[in-house]
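Trainee: Knowing the structure of chain E, use the given hints to seat chain L on it.
Protein chains in written order, with our numbering: chain E, 1 to 114; chain L, 1001 to 1112.
Quick caveat, the hints were computed from the structure, so don't treat them as lab data. Heads up, the beta-carbon is just placed ideally off N, CA and C, and yes, glycines get one too. Just to be clear, a hint being listed does not mean it is correct.
Partner residues aside, some chain L positions facing chain E, computed with beta carbon under 7 Å [as the list claims (entries may be wrong)]:
no.	residue
1	Y1032
2	Q1042
3	G1043
4	L1044
5	L1046
6	G1094
7	L1100
8	T1106
9	R1107
10	F1111
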Amino acid sequence: KAGVTQTPRYLIKTRGQQVTLSCSPISGHRSVSWYQQTPGQGLQFLFEYFSETQRNKGNFPGRFSGRQFSNSRSEMNVSTLELGDSALYLCASSLGQGTGNEQFFGPGTRLTVL
Amino acid sequence: AQSVTQPDIHITVSEGASLELRCNYSYGATPYLFWYVQSPGQGLQLLLKYFSGDTLVQGIKGFEAEFKRSQSSFNLRKPSVHWSDAAEYFCAVGADTDKLIFGTGTRLQVFP
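Chain E on its own, in the form it takes in the complex (with noise of 0.2 Å):
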């Protein structure tokens, strides 16, 4: 069975750009949660997907949003970028909501901001 994937792996852009990372989750997981990491503040959680809904949402301004479509997949977007949001940033897919389920987490998109 395939892992978590996540596209692009490596991303540059320039503050005031907007970017779209994509995460296909393990198949028949219907959960999708993604969290950013960096040096200075780790890993922190963004929000999390559950069909089609977002069902949690971490401390982050309204510049970082997501959705997840009816196969699961999920898409974050954060506009207006900051050199802070240079960072890690993981998804991880679940069968269920919620910390329960084990969460699988990909090999992540490494976005730096310049």
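Mentor: Leaving out everything else, chain L in the frame of chain E:
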């Protein structure tokens, strides 16, 4: 407030030595507890998890962890470290439909 503390930022051990990585948490109720490992350029891999029951949990790659409610701790142990264990280790807590909260991580370096 819910939080996870990993007091050791960086640990260095010799190959074959035993290992213990510390994790303390603050949570309203007994949470679900997890240990993840991240190798350079990789995502996170689940080592083990505790939901309930036996407080000593066995995981993959020879790791185990013990939940101590009185100390709000969930320390990770391995009796004999291999060079391939060098990585960053994250403790995390969560519950039911709540989000995962991660510690800041402990970087493990293994000397031959």
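Trainee: None of the hints should be skipped; say for each whether it holds.
Mentor: Hint by hint, here is what the structure shows:
Given hint, Y1032 of chain L at the interface with chain E, holds; its Cβ is 5 Å from that chain's nearest Cβ, closer than 7 Å. Look at Q1042 of chain L: its Cβ gets to within about 6 Å of chain E, closer than 7 Å, so that hint holds up. Here the hint on G1043 of chain L is kept, as its CB sits about 4 Å from the closest CB of chain E, short of 7 Å. The restraint placing L1044 of chain L at the interface with chain E holds, with a minimum CB-CB distance near 4 Å, inside the 7 Å limit.
Below 7 Å, beta-carbon pairs count as interface contacts, and L1046 of chain L has one with chain E at about 6 Å; its hint therefore holds. With a cut of 7 Å, the hint placing G1094 of chain L at the interface with chain E holds, because the nearest CB-to-CB distance is about 3 Å. At its closest, the beta carbon of L1100 of chain L sits 5 Å from a beta carbon of chain E; the interface hint therefore holds under the 7 Å criterion. With its C-beta approaching chain E no nearer than about 11 Å, T1106 of chain L sits outside the 7 Å limit, and its interface hint is violated.
At its closest, the beta carbon of R1107 of chain L sits 11 Å from a beta carbon of chain E; the interface hint therefore is violated under the 7 Å criterion. Hint status for F1111 of chain L: violated, given a least beta-carbon distance of 24 Å to chain E, over 7 Å.
Violated hints, in rising order: 8, 9, 10; the structure is consistent with all others.
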